[in-house]
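Going down the list, the sequences are from chains A and B.
By the count of this note's numbering, the first sequence reaches residue 228 at its end, each step adding exactly one.
By the count of this note's numbering, the second sequence reaches residue 285 at its end, each step adding exactly one.
Simulated from the structure, these hints should not be mistaken for laboratory data.
One should not assume that every hint holds.
Derived coverage of chain A by chain B (criterion: at least 3 residues anywhere in the stretch with Cβ under 8 Å from a Cβ of chain B; other residues may be distant) [stated by the list, open to error]:
1. 20-31
2. 68-80
3. 118-127
4. 151-163
Sample of chain B residues at the chain A side, in silico, Cβ under 7 Å [claimed, not checked]:
5. Ile2
6. Arg93
7. Gly120
Among the chain B residues that face chain A by a calculated CB cut under 8 Å, a handful are [said to hold, decoys possible]:
8. Asp44
9. Asn70
10. Ile74
11. Leu92
12. Gly95
13. Asp97
14. Phe119
15. Ser122
16. Gly166
17. Glu167
18. Val196
19. Arg279
20. Pro280
Glycine residues also receive a C-beta, built at the ideal position from the N, C-alpha and C atoms.
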Amino acid sequence: MSELPPPRAAIVDYGTGNLYNVSRACQHVGLEAAITTSPEEVLSADAVILPGVGSMPEAMRSLEQNGLSDALKTVAGRGTPLLGICLGMQLLMEEGSEFTRHAGLGILPGSVARFPDKGTDGAELKVPHIGWNAVGRPPGSSGAWRDTPLEATPDGEYMYFVHSYHVVPANTESVVGVSRYGGIEFCSVVSAGAVFGCQFHPERSGSQGLRIYREFSRLLVSRQHSSF
Amino acid sequence: MITRVIPRLDVKGPNLVKGVHLEGLRVLGKPEMFARHYYQQGADELLFVDVVASLYGRNSILDLVERTANEIFIPLSVGGGLRSLDDIRAVLRAGADKVTLNTAAVRRPEFISEAARHFGSSTIVISIEAIRRNDGGYEAYTDNGREKTGLDAVSWAVQAVELGAGELLVTSIDREGTGRGYDLELTERIVRAVPVPVIACGGAGSVEHVAQVLETGAAAAALASLLHYNVARRSRAEPSEFSPHINLAHLDQPGFAKVQDAELPELKAHLAARGMASRPLPAHV
Numbered sequence: 001m002s003e004l005p006p007p008r009a010a011i012v013d014y015g016t017g018n019l020y021n022v023s024r025a026c027q028h029v030g031l032e033a034a035i036t037t038s039p040e041e042v043l044s045a046d047a048v049i050l051p052g053v054g055s056m057p058e059a060m061r062s063l064e065q066n067g068l069s070d071a072l073k074t075v076a077g078r079g080t081p082l083l084g085i086c087l088g089m090q091l092l093m094e095e096g097s098e099f100t101r102h103a104g105l106g107i108l109p110g111s112v113a114r115f116p117d118k119g120t121d122g123a124e125l126k127v128p129h130i131g132w133n134a135v136g137r138p139p140g141s142s143g144a145w146r147d148t149p150l151e152a153t154p155d156g157e158y159m160y161f162v163h164s165y166h167v168v169p170a171n172t173e174s175v176v177g178v179s180r181y182g183g184i185e186f187c188s189v190v191s192a193g194a195v196f197g198c199q200f201h202p203e204r205s206g207s208q209g210l211r212i213y214r215e216f217s218r219l220l221v222s223r224q225h226s227s228f
Numbered sequence: 001m002i003t004r005v006i007p008r009l010d011v012k013g014p015n016l017v018k019g020v021h022l023e024g025l026r027v028l029g030k031p032e033m034f035a036r037h038y039y040q041q042g043a044d045e046l047l048f049v050d051v052v053a054s055l056y057g058r059n060s061i062l063d064l065v066e067r068t069a070n071e072i073f074i075p076l077s078v079g080g081g082l083r084s085l086d087d088i089r090a091v092l093r094a095g096a097d098k099v100t101l102n103t104a105a106v107r108r109p110e111f112i113s114e115a116a117r118h119f120g121s122s123t124i125v126i127s128i129e130a131i132r133r134n135d136g137g138y139e140a141y142t143d144n145g146r147e148k149t150g151l152d153a154v155s156w157a158v159q160a161v162e163l164g165a166g167e168l169l170v171t172s173i174d175r176e177g178t179g180r181g182y183d184l185e186l187t188e189r190i191v192r193a194v195p196v197p198v199i200a201c202g203g204a205g206s207v208e209h210v211a212q213v214l215e216t217g218a219a220a221a222a223l224a225s226l227l228h229y230n231v232a233r234r235s236r237a238e239p240s241e242f243s244p245h246i247n248l249a250h251l252d253q254p255g256f257a258k259v260q261d262a263e264l265p266e267l268k269a270h271l272a273a274r275g276m277a278s279r280p281l282p283a284h285v
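Turn these sequences into a full structure, and let the hints steer you where they fit.
Here it is in structure tokens:
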């Protein structure tokens, strides 16, 4: 078998958020990844990473203005691996929160909700949720993380979160990871076909997070080999 | 609530420094070495503060942030002398995840809103350096506790959050570097007044001090002396290119008996014993 070129990932730059540490994490695990603002480069990449921090309406505006929104829908539609991180995960949804109703990319059915002011015990909940938290398989799920970037991750591993909103997927089968804040259970990992999203920042989650990038990279290589 | 412990690294040019009340800075070693050590020991985040940024320019901290970000994959906050959106962008590009702002935000509070809009609220940490007034209130200071602002620290905290701060770093100048414990009252007043997470800073001299401040509702505790002196003593004992510059003579003076040495795993074990959850230590520790 002839040597295939290594898979190339595009890190989508739409003017917000910190892309540099996503790029560093890719580099650290040997995944070739370039930060790009170009829809053409997104369309031609073997995988796409959509990072982001900040507000969803502003991010959508920026993605639409740069023609990136259509490119992202196209790559998701044809099954190119797509990794959404934090705001990038929320952008995959159909719509934003009920208070600021606006459209997301609509790649996954569902919406985005803000954490309430109080936890389930009635105590004040500090928002944003900032810090390390456990990511587990949803209760009652068959729990397979096989063939996802979580494949090598133990149930209940701690990852680093910074967010005020979380996704509420309409299809509960796509909820493959859950976490709790103030007693509130929320979806922290979503997976559907080649689309994968995590609410936490794997690039900021130490060696545990880097393992997710390593698995993502490994899946890309095996996918490339199986399709030739 | 899962608590966070954040080593604070004050940086002056190429060196890690530490003072008392943010003054009388002494060189303890190379910040890279401390950062690497704390990362390996399971620090939840790191905080770099460029203590003399306005005097010496910022290139050395940008280099440091970049070198650190290339090998350390936990959140990195950077502060000290950031005055414009371009300054923030440069630090984020170098590898910071969050920035801490004080002087620029006090001079022009709308800067907080502009920064939050550009980079997201969760990227913007407002740093409040407070000194207790005779009337029992607290006043906010700038320039490492040198300049009065006339602002009440608690009211300023509330205003900063309304303007878009995603998190607050609250430092007691009175306690900073003394090892006498955090200013629990200052911390608690601000925790109660704002809906965002508060990082308490200044005064940790024992692992129990850290537990006490987290009990006030602070989401995180920043600490320096408690961890640094231990590392500095060890690196002085192991001769290297840095050791000739390390100045620890002051540690033998009476006042410093207040700071006990601790390592992060010991600190986390203490927090766990006190019923406070935190990130489990990495497997290699």
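Each hint tested on the structure:
no. : hint    : result
1   : 20-31   : holds (count 5)
2   : 68-80   : violated (count 0)
3   : 118-127 : holds (count 3)
4   : 151-163 : holds (count 4)
5   : Ile2    : holds, 6 Å
6   : Arg93   : holds, 6 Å
7   : Gly120  : holds, 3 Å
8   : Asp44   : holds, 6 Å
9   : Asn70   : holds, 6 Å
10  : Ile74   : holds, 6 Å
11  : Leu92   : holds, 5 Å
12  : Gly95   : holds, 6 Å
13  : Asp97   : holds, 6 Å
14  : Phe119  : holds, 7 Å
15  : Ser122  : holds, 5 Å
16  : Gly166  : holds, 5 Å
17  : Glu167  : holds, 6 Å
18  : Val196  : holds, 6 Å
19  : Arg279  : holds, 4 Å
20  : Pro280  : holds, 6 Å
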